[in-house]
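Just so you know, the protein sequences line up as chains A and B, in that order.
What the first sequence shows, in the numbering used here, is residues 1 to 112, in sequence order.
What the second sequence shows, in the numbering used here, is residues 1 to 114, in sequence order.
Some clues are possibly wrong.
[To be verified] Derived DEER-like restraints, expressed as beta-carbon distance ranges:
#, chain 1, residue 1, chain 2, residue 2, range
1, B, 72, A, 81, 39 to 47 Å
2, A, 66, B, 13, 43 to 51 Å
3, B, 5, A, 31, 26 to 34 Å
4, B, 73, A, 45, 19 to 27 Å
5, B, 73, A, 14, 44 to 52 Å
6, B, 72, A, 18, 43 to 51 Å
7, B, 5, A, 40, 16 to 24 Å
8, B, 38, A, 31, 24 to 32 Å
These are computed hints drawn from the structure, not numbers from a lab.
Just so you know, even glycine gets a beta-carbon here, dropped at the ideal spot from N, CA and C.
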Amino acid sequence: QKEVEQDPGPLSVPEGAIVSLNCTYSNSAFQYFMWYRQYSRKGPELLMYTYSSGNKEDGRFTAQVDKSSKYISLFIRDSQPSDSATYLCAMSFNNAGNMLTFGGGTRLMVKP
Amino acid sequence: EPEVTQTPSHQVTQMGQEVILRCVPISNHLYFYWYRQILGQKVEFLVSFYNNEISEKSEIFDDQFSVERPDGSNFTLKIRSTKLEDSAMYFCASRRREGLETQYFGPGTRLLVL
Chain A
1 QKEVEQDPGP LSVPEGAIVS LNCTYSNSAF QYFMWYRQYS RKGPELLMYT YSSGNKEDGR
61 FTAQVDKSSK YISLFIRDSQ PSDSATYLCA MSFNNAGNML TFGGGTRLMV KP
Chain B
1 EPEVTQTPSH QVTQMGQEVI LRCVPISNHL YFYWYRQILG QKVEFLVSFY NNEISEKSEI
61 FDDQFSVERP DGSNFTLKIR STKLEDSAMY FCASRRREGL ETQYFGPGTR LLVL
């Protein structure tokens with residue numbers, strides 16, 4: 001079983017739709033959860049960061065963590081064509097080195 | 001807003017040659033990382049660096065790889081004898097301090113080994 005799994009998509013939605021992106025993971029030792037956005041041939045850009053279970057909201061983005069189910073989600077409200085990108089979930093353990101383990105990414109296309 | 005910068009943006013080299021990839025982390029950050037992403041694959045951790053020493057490394061980071069912080073601003077990744085399979089996008093990342101876990105990534109260096 002892979003450590004972090006994401007549906008690769010592509011996920012195609014009309015402008016204004018609510019988007020739900022998800023990751024599952026197998027290692028219950030992960031403590032920190034992040035969502036990055038990556039445009040084609042660019043570096044990952046940090047969108048959201050959460051620690052432990054619960055919700056966190058930032059503008060149109062909401063991150064949700066359910067550690068009991070080993071499942072994290074990113075919701076995008078009122079999606080825009082500029083949101084079209086690959087969304088990567090990443091997670092880390094509670095240690096000093098803090099290496100990130102990434103999912104494979106979900107490609108999102110928001111059509112005008 | 002401060003950013004992680006990387007040079008060069010693209011590097012083409014012959015198999016067996018040495019390459020050095022350069023990064024300038026965000027100035028008040030203390031933890032530094034290298035990741036790579038082979039085309040179409042996941043972003044993979046290579047190495048983390050703190051207080052002038054490696055704190056963690058992956059299986060990918062073998063004896064052909066080394067990292068250095070030669071001065072107060074640069075952070076480099078050296079590949080001594082490149083292989084075809086080293087062709088990838090290499091990302092540098094930095095983090096401010098322990099207890100704040102967010103890592104900020106640079107734009108990457110695309111390395112092509114021929």
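A quick look at each hint next to the structure:
no. : hint                    : verdict
1   : B/72 x A/81: 39 to 47 Å : holds, 42 Å
2   : A/66 x B/13: 43 to 51 Å : holds, 45 Å
3   : B/5 x A/31: 26 to 34 Å  : holds, 30 Å
4   : B/73 x A/45: 19 to 27 Å : holds, 22 Å
5   : B/73 x A/14: 44 to 52 Å : holds, 46 Å
6   : B/72 x A/18: 43 to 51 Å : holds, 46 Å
7   : B/5 x A/40: 16 to 24 Å  : holds, 20 Å
8   : B/38 x A/31: 24 to 32 Å : holds, 27 Å
Every hint from the earlier list agrees with this structure, and none is contradicted.
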